[in-house]
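**Q** Just so you know, the sequences run in chain order A and B. To convert, note that position 44 of the first sequence is 43 in numbering that gives the first Met the number 0; the numbers rise steadily by one, no gaps. To convert, note that position 52 of the second sequence is 51 in numbering that gives the first Met the number 0; the numbers rise steadily by one, no gaps.
Hints may contain errors.
[Said to hold, decoys possible] Here are the computed lysine to aspartate or glutamate pairs in the EDC-like style, where the Cα-Cα straight-line distance is at most 20 Å:
hint: 1; chain 1: A; residue 1: K41; chain 2: A; residue 2: E84
hint: 2; chain 1: A; residue 1: K90; chain 2: B; residue 2: E185
hint: 3; chain 1: A; residue 1: K90; chain 2: B; residue 2: D186
hint: 4; chain 1: B; residue 1: K101; chain 2: B; residue 2: E140
hint: 5; chain 1: A; residue 1: K41; chain 2: B; residue 2: D186
hint: 6; chain 1: A; residue 1: K41; chain 2: B; residue 2: D262
hint: 7; chain 1: B; residue 1: K40; chain 2: B; residue 2: D176
hint: 8; chain 1: A; residue 1: K41; chain 2: B; residue 2: E189
hint: 9; chain 1: B; residue 1: K168; chain 2: B; residue 2: E144
hint: 10; chain 1: B; residue 1: K71; chain 2: B; residue 2: E88
hint: 11; chain 1: B; residue 1: K145; chain 2: B; residue 2: E189
hint: 12; chain 1: B; residue 1: K32; chain 2: B; residue 2: E185
hint: 13; chain 1: A; residue 1: K41; chain 2: A; residue 2: D95
hint: 14; chain 1: B; residue 1: K40; chain 2: A; residue 2: D95
hint: 15; chain 1: A; residue 1: K34; chain 2: A; residue 2: D95
hint: 16; chain 1: B; residue 1: K32; chain 2: A; residue 2: D95
hint: 17; chain 1: A; residue 1: K90; chain 2: B; residue 2: E189
hint: 18; chain 1: A; residue 1: K57; chain 2: A; residue 2: E84
[Stated by the list, open to error] To give an idea of the chain A side of the interface with chain B (calculated C-beta under 7 Å), a few residues:
hint: 19; residue: L42
hint: 20; residue: N44
hint: 21; residue: R45
hint: 22; residue: W46
hint: 23; residue: I47
hint: 24; residue: E50
hint: 25; residue: A51
hint: 26; residue: A55
hint: 27; residue: Q89
hint: 28; residue: W93
hint: 29; residue: I98
hint: 30; residue: R99
Keep in mind the hints are simulated off the structure, nothing from the lab. On a predicted model such as this, the values are computed, not experimentally measured, just so you know. Each residue gets a CB set at the ideal place from its N, CA and C atoms; glycine is no exception.
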Amino acid sequence: MTRVALAFMLLCSVPIAAHAADKSEAESAIAGAVKAEDAAGKLGNRWIPAEASLKAAKAAFTSGSWDAAVAEATRARLLAERAVEQSNEQKTAWRDAVIR
Amino acid sequence: MPNRRIRARASLRVAVLAAAVAVLGGAAPAPDKTDPLADQKAFQASFGERFPQVPFADFANGPYAVSAPMRKQWEDIMQFPPYDFALDEGKTAFETPFANGKSYADCFANKGIGVRQDFPYFDTKTGEVATLDGTINRCREANGEKPLPYQVGLMASITAYMAETSRDKPFDIKIPDDPRARAAYEDGKEYFYTRRGQLNFSCASCHVGAAGQRLRGDILAPAIGILAAFPIYRSDWGSMGTIDRRFTSCSAQMRSEPLPPQDKSYRDLEYFLSYMSNGVPISGPGTRP
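Work out the full structure, taking the sequences as your base and the hints as a guide.
**A** Given below as structure tokens:
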């Protein structure tokens, strides 16, 4: 029993290696971010932080930092998707704010 | 048998009536009809009710109309207006002939003196809104000169001079009976009220909903008359700036990627805002914190 407990404690103390992204994952993440940003751009609603993250993702990709590229591209994509949601919602919602 | 026919006809009538009701009013709510004059009356009345102590013409002075401490500071600053250098530069540039011998005066009604209040206008030839700044550059290009950058520099100086010659003249923006003009007005109205950017703000969020309130160190100017003082010397910029500079910096403050200067949306926005401000006197060039 003591041995099992010891083994369990040892297992817990071993850091579980984080998944490291590779080049193709970074490429795919950037492609997804670009697509989302283009959709936001077509609606005339690019968000500055999304643009900044996409730029950072591309820079990280160029320097071979795949993890950073995936993280930044994911952030850019999520922000761009929120921008698209905002624009779609505002297509009609803006009328509620009009002074009458 | 006849009873059955009557019943069938009655059912048919009910079905047709129900369909008509659904098409005419029962389905999605109909979009607002464009009525710029009604919009303008409601807009101006709203600010009048909100700031009953502010004389209508004083809305030309932006935040100074609604904040006594800021007004006091402004009055002190105006002992030596920071836009004076730009005015001098603009007057000289305006009066200096182009290489072909013509000048800006040849491109404007009344030789460009006292015309600021008529801009922007809807140009029925191009089918688009024409701003003062855009007309200055069209004038330059028509006379073989390079266009000026839209946000700073000589453009701000020339428009400062032209505004100064128009002081106290009330905005007199017209929307011609042309569906394209109505569409431009509607586009500007939509842009003004639409939330955008990461902060989920619209122009109206600050300049209608929170007008007169503080946003960090600033007092937010009411939307009515907000363009009357342009171009402005802004302490935050440390230099003069045009309406395009303000629109792009507002967009950036909302964390929304700004549009290019003189983009159609910005021109339509200027058209809408200026029309809402009809009657407010030109006070430009101005100074802002």
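**Q** It remains to establish, for every hint, whether it holds in the given structure.
**A** These are the hints, each one checked on the structure:
1. A:K41 <-> A:E84: Holds, at roughly 13 Å.
2. A:K90 <-> B:E185: Cα-Cα ~13 Å, so holds.
3. A:K90 <-> B:D186: 12 Å, holds
4. B:K101 <-> B:E140: 12 Å, holds
5. A:K41 <-> B:D186: At roughly 16 Å apart (the allowed maximum being 20 Å), D186 of chain B and K41 of chain A satisfy the hint.
6. A:K41 <-> B:D262: 15 Å, holds
7. B:K40 <-> B:D176: Cα-Cα ~19 Å, so holds.
8. A:K41 <-> B:E189: At roughly 16 Å apart (the allowed maximum being 20 Å), E189 of chain B and K41 of chain A satisfy the hint.
9. B:K168 <-> B:E144: 30 Å, violated
10. B:K71 <-> B:E88: At roughly 28 Å apart (the allowed maximum being 20 Å), E88 of chain B and K71 of chain B break the hint.
11. B:K145 <-> B:E189: 33 Å, violated
12. B:K32 <-> B:E185: Answer holds: K32 of chain B to E185 of chain B is near 10 Å, not above 20 Å.
13. A:K41 <-> A:D95: Outside the cut-off at roughly 24 Å; violated.
14. B:K40 <-> A:D95: Measuring from Cα to Cα gives roughly 18 Å; hence the hint holds.
15. A:K34 <-> A:D95: 31 Å, violated
16. B:K32 <-> A:D95: 14 Å, holds
17. A:K90 <-> B:E189: 9 Å, holds
18. A:K57 <-> A:E84: 24 Å, violated
19. L42: Result: violated, 9 Å to nearest chain B Cβ.
20. N44: Constraint on N44 of chain A satisfied, holds at 5 Å.
21. R45: This interface hint holds because 4 Å falls under the 7 Å limit.
22. W46: Cβ of W46 of chain A sits 5 Å from chain B, so the hint holds.
23. I47: 5 Å, holds
24. E50: 6 Å, holds
25. A51: Because about 10 Å separates A51 of chain A from the closest Cβ in chain B, which is outside the 7 Å limit, the hint is violated.
26. A55: Status violated, d = 15 Å.
27. Q89: Nearest chain B Cβ about 5 Å off; hint holds.
28. W93: 4 Å, holds
29. I98: It holds, given that the least Cβ distance between I98 of chain A and chain B is near 5 Å, below 7 Å.
30. R99: 5 Å, holds
The earlier numbered hints that this structure contradicts are 9, 10, 11, 13, 15, 18, 19, 25, 26.
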